[in-house]
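Residue numbers (our numbering), protein chains in the order written: chain A, 1 to 314; chain B, 1 to 314.
Treat the hints with caution; some may be incorrect.
[Unchecked claim] Quick look at which bits of chain B chain A covers, simulated, 3 or more residues with Cβ under 8 Å: (1) 155-169; (2) 251-259.
[What the hints assert, rightly or not] No farther apart than 30 Å at their CA atoms in a straight line, the calculated lysine-lysine pairs in the DSSO-like style are these: (3) 145(A) to 145(B); (4) 310(B) to 145(A); (5) 310(B) to 310(A).
Bear in mind the hints are in silico, worked out from the structure with no lab data behind them.
The C-beta atom is built at its ideal place from N, Cα and C for all residues, glycine as well.
Number of protein chains: 2
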Amino acid sequence: MSILGIDLGGTTFKVSIVDEHGQLQNALERDTQQHDPPEELIKRLADAAREVAGDQKIDALGIGVPGPIRPDSGVCVFAPNLNGWTEFPVGDLLREQLGFPISVINDANAAALGEAHFGAGRDAHSMLMMTLGTGVGSGIVQQGKLLNGFSGRGAELGHISIKYDAPTGSAGNFGTLESECGRDAIINRALRMLADGHDSIIPELCDHEFSELTPEHISRAAEQNDTIAQQVWDETAAILAAGIVNTVYTVDVERVVIGGGVSAAGKVLFDPLRRAVLARTSHYKFDVNQIVPAKLGNDAGLVGAAVWVKENFR
Amino acid sequence: MSILGIDLGGTTFKVSIVDEHGQLQNALERDTQQHDPPEELIKRLADAAREVAGDQKIDALGIGVPGPIRPDSGVCVFAPNLNGWTEFPVGDLLREQLGFPISVINDANAAALGEAHFGAGRDAHSMLMMTLGTGVGSGIVQQGKLLNGFSGRGAELGHISIKYDAPTGSAGNFGTLESECGRDAIINRALRMLADGHDSIIPELCDHEFSELTPEHISRAAEQNDTIAQQVWDETAAILAAGIVNTVYTVDVERVVIGGGVSAAGKVLFDPLRRAVLARTSHYKFDVNQIVPAKLGNDAGLVGAAVWVKENFR
Chain A
1 MSILGIDLGG
11 TTFKVSIVDE
21 HGQLQNALER
31 DTQQHDPPEE
41 LIKRLADAAR
51 EVAGDQKIDA
61 LGIGVPGPIR
71 PDSGVCVFAP
81 NLNGWTEFPV
91 GDLLREQLGF
101 PISVINDANA
111 AALGEAHFGA
121 GRDAHSMLMM
131 TLGTGVGSGI
141 VQQGKLLNGF
151 SGRGAELGHI
161 SIKYDAPTGS
171 AGNFGTLESE
181 CGRDAIINRA
191 LRMLADGHDS
201 IIPELCDHEF
211 SELTPEHISR
221 AAEQNDTIAQ
231 QVWDETAAIL
241 AAGIVNTVYT
251 VDVERVVIGG
261 GVSAAGKVLF
271 DPLRRAVLAR
281 TSHYKFDVNQ
291 IVPAKLGNDA
301 GLVGAAVWVK
311 ENFR
Chain B
1 MSILGIDLGG
11 TTFKVSIVDE
21 HGQLQNALER
31 DTQQHDPPEE
41 LIKRLADAAR
51 EVAGDQKIDA
61 LGIGVPGPIR
71 PDSGVCVFAP
81 NLNGWTEFPV
91 GDLLREQLGF
101 PISVINDANA
111 AALGEAHFGA
121 GRDAHSMLMM
131 TLGTGVGSGI
141 VQQGKLLNGF
151 SGRGAELGHI
161 SIKYDAPTGS
171 AGNFGTLESE
181 CGRDAIINRA
191 LRMLADGHDS
201 IIPELCDHEF
211 SELTPEHISR
221 AAEQNDTIAQ
231 QVWDETAAIL
241 AAGIVNTVYT
251 VDVERVVIGG
261 GVSAAGKVLF
271 DPLRRAVLAR
281 TSHYKFDVNQ
291 IVPAKLGNDA
301 GLVGAAVWVK
311 ENFR
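Kindly produce the complete structure, drawing on both the sequences and the hints.
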């Protein structure tokens, strides 16, 4: 059985054949050109799929999309980074172009499924994957199956509230994990502390170009024992820990896999994160060694989209 | 097939045959005598089960217990209201006494299963049940099946954090739903406002015996348009709404069923609760008419325990 996977992002998309071991064959990456009309993007996706397939007969294609998906129809509810993708029937349109079965999945859910089957979640009963980047994405996999809810709002942990009385948040909710732990929140946390005149090497690391400041600068500073930088990660970790523990108390996963660009911070994030989760689970023990980095990097979503269509295609 | 259900609480326990329509036969209620040695309580439960069974051959018994249960073994991790119930093998001990198959379930999970199969959750794809009382209990049912996690921590929503930086909480976590919306939290919210000298009929309704103040007094005052009482319910509802929306963003349930003694407040709780959930789900719409009162009252747990053993007994 030959399966194609696509991981569609706001900047680029990646297409590949994914074999039964989760390995990529003929992978290619193209620019998304996110401002193009949606029909043009569909055509470009279909062209790339045909190019990757070459002479091979493809049985099905799974595509991960940056937005919530209606479970039954494969309609994308909205994708904030793609022009015109509101109630967009991505599955039907791709099927028209390509002729073989298509399954659509949210990109963070796809990454979770990829890590669960071929990555850091492989031998776990159940896992939460959090993808830390511009936003906070997530997916939950229980005994190999994606937790897929009633209407496409499942495992959108970026939008849970961990500060119920905050004035702002994300996706219409208040005091959310994404508004407190997304890329901009981490950078702003550092800027607020620097604005207060605390001594730090962060300004030096970003050449005093604060509009260019990234979480990577802050993690490099923390590795050099910069107190301000460490405090930024400690606070970020404390909030993330609340979100992780909330998920443990809701669906009781065995493992937590952390991926995405921000997770590259490594030890300066993971150490305070494990400590904070431990502090919140003193009654019901959670084994904090089960909080682990993702393994598949940027391929998790592509691999997971292929797992998804394989499970849904009989 | 004849199935027995038991709902074991800190004050009383109830035993009954539960028929295939969720109806009770020969139900009886006894005092738990929570301070007795655990073996004596087991013996009293077994005696009551034999009495209810009479001449009928019983195929299996399901028991709902006020504490987390290890999914595989039926061991109760701990039951704060029962003497000596720590790592307590309630299933094995009852089986020794009675000789037929026993399944053990957390009481809030049992109530959710009861409401899902025979009560307010009957025709829903998936539901969250919250039981508002001394504590905040919960259970999640997806397509008729209990969401049962890896280690017995699943659907313990009373212990999720909605105020991550609070100094106190419940079950070792901080700023939890239970610490902010349990019975005592509601009463204390009222007392704090009254202590501030605000005009209210609450003191009159409890005969100025503030140690006797109950959520019922506060709901009666709110029904008579007492501003302070209404504010107590509005704040309680705002916090509960954060917890409900968090669950929607985690497992994406179709319906939310609210039961337990505190839910008797009715309209003064449900109206602000629906408004607050609506305000938090402006992007991903949640149909707030799906937030409904429980239907089975005190029998939910008993009926659900019987559903549970029937599903686990083949």
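Margin query: To test your reading of the hints: which numbers does this structure violate?
Written below: 5
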